[in-house]
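Undergrad: Please take these sequences and the hints and turn them into a complete structure.
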Amino acid sequence: RRNKIRLELLPLLRRDFNPEVVTLLKELADRARDDEAVLEQQASERARTWRVREGREERVPVRPLLGFPPAIARRVLRQMVQAASNTLRGVTHRHVEALRRFAAEAQSGRTLSLPNNFVARKEFDWLTIAPGSREPCPAGFSYPVRVPGEVFVTELDVTFRFKIVKPGGYGKAYNGSEAAGLDPQKLSEGLELRNWRAGDYFQPVGSTRPWKLKELFRERRIPSSQRKLWPVLESGKEIVWVRGFPPAFPAAASTDSRAVLVIEEATRAAV
Numbered sequence: 232r233r234n235k236i237r238l239e240l241l242p243l244l245r246r247d248f249n250p251e252v253v254t255l256l257k258e259l260a261d262r263a264r265d266d267e268a269v270l271e272q273q274a275s276e277r278a279r280t281w282r283v284r285e286g287r288e289e290r291v292p293v294r295p296l297l298g299f300p301p302a303i304a305r306r307v308l309r310q311m312v313q314a315a316s317n318t319l320r321g322v323t324h325r326h327v328e329a330l331r332r333f334a335a336e337a338q339s340g341r342t343l344s345l346p347n348n349f350v351a352r353k354e355f356d357w358l359t360i361a362p363g364s365r366e367p368c369p370a371g372f373s374y375p376v377r378v379p380g381e382v383f384v385t386e387l388d389v390t391f392r393f394k395i396v397k398p399g400g401y402g403k404a405y406n407g408s409e410a411a412g413l414d415p416q417k418l419s420e421g422l423e424l425r426n427w428r429a430g431d432y433f434q435p436v437g438s439t440r441p442w443k444l445k446e447l448f449r450e451r452r453i454p455s456s457q458r459k460l461w462p463v464l465e466s467g468k469e470i471v472w473v474r475g476f477p478p479a480f481p482a483a484a485s486t487d488s489r490a491v492l493v494i495e496e497a498t499r500a501a502v
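Quick note: the sequence shown uses my numbering, first residue 232, plus one each step.
FYI, nobody ran anything at the bench for these hints, they're computed from the structure.
Misleading hints may appear alongside valid ones.
For lysine to any residue, the following SDA-like pairs were computed, each having C-alpha atoms within a straight-line distance of at most 20 Å [stated by the list, open to error]:
#1 K459 to Y374
#2 K468 to V436
#3 K443 to Q457
#4 K468 to Q416
All of these numbers come straight from a predicted model, not from anything done at the bench.
TA: Right under this line is the structure:
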């Protein structure tokens, strides 16, 4: 096809329409590349806050994705596909547009096939791009924790940091999903960072009784595919911290705490 354009179409255009057509097409292509570079950069910057990488999966909450202009949303999705599969081979505009419509219209639990044996999954308010033939999920993980210190969880490709800080700024024991504060005096010596297990109970700050974590996951609309490896911190057989939740009421730091154990997490790129 390229030879046909070069040998037949371009000579026809030069002869019958514009002798400078090749130069004009080159200038147009240069401007298009410049515009594309700006749009790609904007897409990367606007989605950075929302995109989550775990193993070979890329995830993004649907609501902010659909709030982007369509041109930005398409490029965010292309970037996610490329990051998850390490290639855009065979990925066309038709695939990207179908993925954007899937994010907007599909019900939770539905999947969409993508090139290179990858799939998109809609799970509650999240869109996930992952390998199609899913690798066996690890049975779980368990890591001893030293304070202060760091633990790299291979199964999540995430580093958890455990720091002792002064109470200032952590009087309420919790400042969002990225950091939580515990009172070291209320913890046993043997801390264990492990995955959630069926039957786990947890009483977060603000709750009057322990709840099954499975029920709290469902209430928070955490996709079932993520729950098996959801990290928790155990102290003396009691769960004192769960990712994304306030700390356990019995172990939470307060205004009377002399020190605060802060738990933070960072992906490999942020470490």
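Undergrad: Run every hint past the structure and note whether it holds.
TA: Hint by hint, here is what the structure shows:
Note on K459 and Y374: the hinted pairing holds, with a Cα-Cα distance of about 16 Å set against a maximum of 20 Å. Of the pairs offered as hints, the one joining K468 and V436 holds, with about 18 Å between alpha carbons and a cut-off of 20 Å not exceeded. Using a Cα cut-off of 20 Å, the hinted pair K443 and Q457 holds, with the two alpha carbons roughly 16 Å apart. This hinted pair checks out: K468 and Q416 have alpha carbons roughly 16 Å apart, not beyond 20 Å.
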